[in-house]
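Student: Please construct the entire structure, taking both the sequences and the accompanying hints into account.
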Amino acid sequence: MAVVPLPEPVAAEPGDEVGVWVAAARQGDTQAFAALHAHYCRVVHAILLARVPRQDADDLVQDVFLKAWQHLPGLASDGAFGGWLCRIARNRATDHLRTRRTLVELPEDMGHHDAPVAEAKQILAVIRGLPDAYRETLLMRLVEGMTGPEIAERTGMTPGSVRVNLHRGMAQLRERLGVHKKERP
Amino acid sequence: MTGQDDWLWDGSGEPDDELAEIANALRPLAYDGDPPALPARGGHGWWPGLLLAAAVLLVVSAAWWMQPAPEAPAVVAAEPVPAPAPLVAAQPESPKMPTQPAPAPGSMRPGWDGPRVTQLDAWEVEGTPNCNSIGEGNWLETGETTATVAIADIGQMRVEPGTKVRLVHSTPDEHRLELLRGRISASVDAPPRLLVLQTPSVTAVDLGCAYNLAVDDAGNTDIHVLSGYVALEDPRRSVWVPADALAHTRLDQGPGTPYFDDAPPDLRQALSELDFGPRQADSLDRAMGSARLRDTLSLIELLPALSRAERGLVYDKVVELTPHKTARKRLPRRKPVIDLDGGAIENLRDVQGRYWYREN
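Line order of the protein sequences matches chains A and B.
Heads up: the first sequence begins at 5 in our numbering, then just goes up one per residue.
Heads up: the second sequence begins at 846 in our numbering, then just goes up one per residue.
Hints are computed from structural coordinates only; laboratory data are not their basis.
Note that CB positions come from ideal geometry on N, CA and C, so glycine has one too.
Among the hints, a few may not be true.
If you anchor each label on the Cβ, the simulated ranges turn out as follows [unchecked claim]:
id	chain 1	residue 1	chain 2	residue 2	range
1	B	Pro1168	A	Asp63	25 to 31 Å
2	A	Leu70	B	Thr993	23 to 29 Å
3	A	Gly23	B	Lys1180	38 to 44 Å
Tutor: Right, here's the structure in full:
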């Protein structure tokens, strides 16, 4: 991913950079919006990946951020940005599935034959069969490499909910993959 | 919590080898994109244009004002007036909504009332001879005309003849309208839940879409969604209406079950009996018997209106209609669906939704 220079927070509390970026982006600051993109793009991608074919997810990330950019001035509260962005992503995914109706669905692995990607897609297919809350959280953790605290901070979920989703989702994933948790002595 | 749980949580504690293997296998799917090229946003760019347009409008209006006043039209189709007595007794006026005083007859030219054109919260109206904007609390009555209303900066609404609609409020996080009777077509390009339309029988919440909505003189509401989704919300029952689907709402009975516009007549009839009565002994059997693959929309949305035992039957029917073994494996389990667990219902909708728009 390209390294995006993050604007220095001005007169902000520690950890309050997002609010500063949102306020600046609301006023048209594209650098601040790039910072928001860097901060949230993995969350958005995971939400999309949980619902749409992998080859479409990257493009839809761009769509989601464009829509957020256009409608950011109408956002009621700077602190609501994360949850608001997640809702846009979920709706964009649903709308995308609807508009694909006239297209012939191609196998997701068409044109790709390398084993690691094929394995990743097999696991992804299993994760997609899990309940929504679990699959989004698991994809953020396992695909995007985010930690539990990061997921909570960026999605607006409580840390407790994230921990439960990870724990239960992982248990279901292990069961479906036939992987048994090793008990350590 | 074990050390492996800590590893799952934040990478600390004892490494979980299997988990690490899964994460490594999935890593090629991680996002690696750049920020999009951002277009100029309307926010600042349209201010100069708006001010210029307002100035031009004021000059033109002043010139118009200097002319001898024509006779008032026989029918004032769209004059903003104080909120009239509601047509439906159960629909009280909100005391919070300010209304503008009615202009004295002949004191103001139809189509212009000066200060309102500079109101930022007023919405532009086209197509009516004597109203070019509506502000908060104003009613728009189209009479025999058809009006086009700009829904703030998020969309457009066509208001058909014989319609009475009011702008309740317009704020950055919600634009709320009240439709007392008539027919509108709304098209919105915005994040979900920005446009809310109240009718005497239901509240329609836009989830990013285009739809036609009609309210008859009895307050019953019919909606046909053309793209995106609409949620029909009511304390008794809420339903989710996707593109190409219709739903009817009866006053005091809440919204009925949505169905696709090509649904079999037998299914429509059975749903009407189940939603609004009179229910027949075989209504549910006929609904399930006539349902096609894409009619799982109706079966899923029907669940909250059924008994627990009936929900089990409907779940089984949805499973039976699911064509592929892999898709059936993705379906939520029976019990949470019967328990009306929100996540399970959403999951059911999500799996089935993949088939609703495929050409069969």
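Student: Hints first: check each against the structure and report whether it holds.
Tutor: Hints, verified against the model:
Hint check: Pro1168 of chain B to Asp63 of chain A, Cβ distance near 28 Å, so the stated range 25 to 31 Å holds. The beta-carbon spacing between Leu70 of chain A and Thr993 of chain B, approximately 26 Å, falls within the hinted interval of 23 to 29 Å. For the pair Gly23 of chain A and Lys1180 of chain B, the beta carbons lie near 42 Å from each other, so the given range of 38 to 44 Å is met.
The structure is consistent with each of the numbered hints, conforming to all of them.
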